[in-house]
Amino acid sequence: MKIYHRLSFLLLFSILSATAQAQPHNPNVVTLELLGKSLIIFDVSYSRKLTDHIQLGMGLGFQDRSTLTTISGDYKVTDLNVPIFGTYIFGQKKHHAISELGVRLSFTVSKFKESNYWNRPIPFVSFGYEFEGEHFVFRVPIYLAFVGKSELTSTFMPWAGLSFGYPF
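With the first letter of the sequence shown counted as 1, position 33 gets the number 33 in this note's numbering; the numbers rise by one all the way through.
What the hints contain is simulated information worked out from the structure, not anything from laboratory work. C-beta: ideal position from N, C-alpha, C; glycine also. A hint or two may mislead.
[As the list claims (entries may be wrong)] Just the calculated beta-carbon pair ranges, DEER-fashion:
hint	residue 1	residue 2	range
1	V30	D74	31 to 41 Å
2	K76	H135	29 to 39 Å
3	E151	Y46	17 to 27 Å
4	D52	L152	38 to 48 Å
My request is simple: use the sequences and hints to build the entire structure.
Structural data, given as structure tokens:
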């Protein structure tokens with residue numbers, strides 16, 4: 001049994017060592033997105049490169065702040081959007097193409113308990129251009145979101161975004 005534990009430890013150590021050596025340069029990126037993954041004016045996102053080609057991320061966007069008037073008083077209501085996404089990077093040079101796949105979660109928050117709720121998640125995909133310098137990231141993605149059919153919209157909604165970021 002002891003040899004099994006030693007072999008397991010050696011295997012785990014070699015996997016962790018290989019992963020640590022394979023870490024990309026500046027694996028973390030914080031971005032300000034204009035018309036980005038949140039489907040609103042702006043959001044702030046954090047992503048981490050797992051490899052030179054794959055990164056995972058999450059953001060936060062403020063959609064709206066309003067006042068709800070009830071019999072018991074006025075309550076401030078805030079709509080928040082949280083995009084969760086994965087990115088595939090084509091190429092390893094400073095100029096390259098990217099593709100993203102994710103979902104935007106949206107919820108409404110207030111001190112009035114009846115107005116706290118989750119909205120329907122909206123899946124999205126994007127394809128675009130990224131410049132990744134030593135201290136600056138610039139992205140121009142084209143998004144396509146599945147918003148569902150309604151009187152005002154079609155099933156899919158396309159839009160273009162713009163992102164400025166800092167890698168570290």
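Outcome of the hint check:
1. V30 with D74: 31 to 41 Å: 35 Å, holds
2. K76 with H135: 29 to 39 Å: 38 Å, holds
3. E151 with Y46: 17 to 27 Å: Cβ of E151 to Cβ of Y46: about 36 Å, so the range 17 to 27 Å is violated.
4. D52 with L152: 38 to 48 Å: The hinted range 38 to 48 Å holds for D52 and L152, with Cβ atoms some 41 Å apart.
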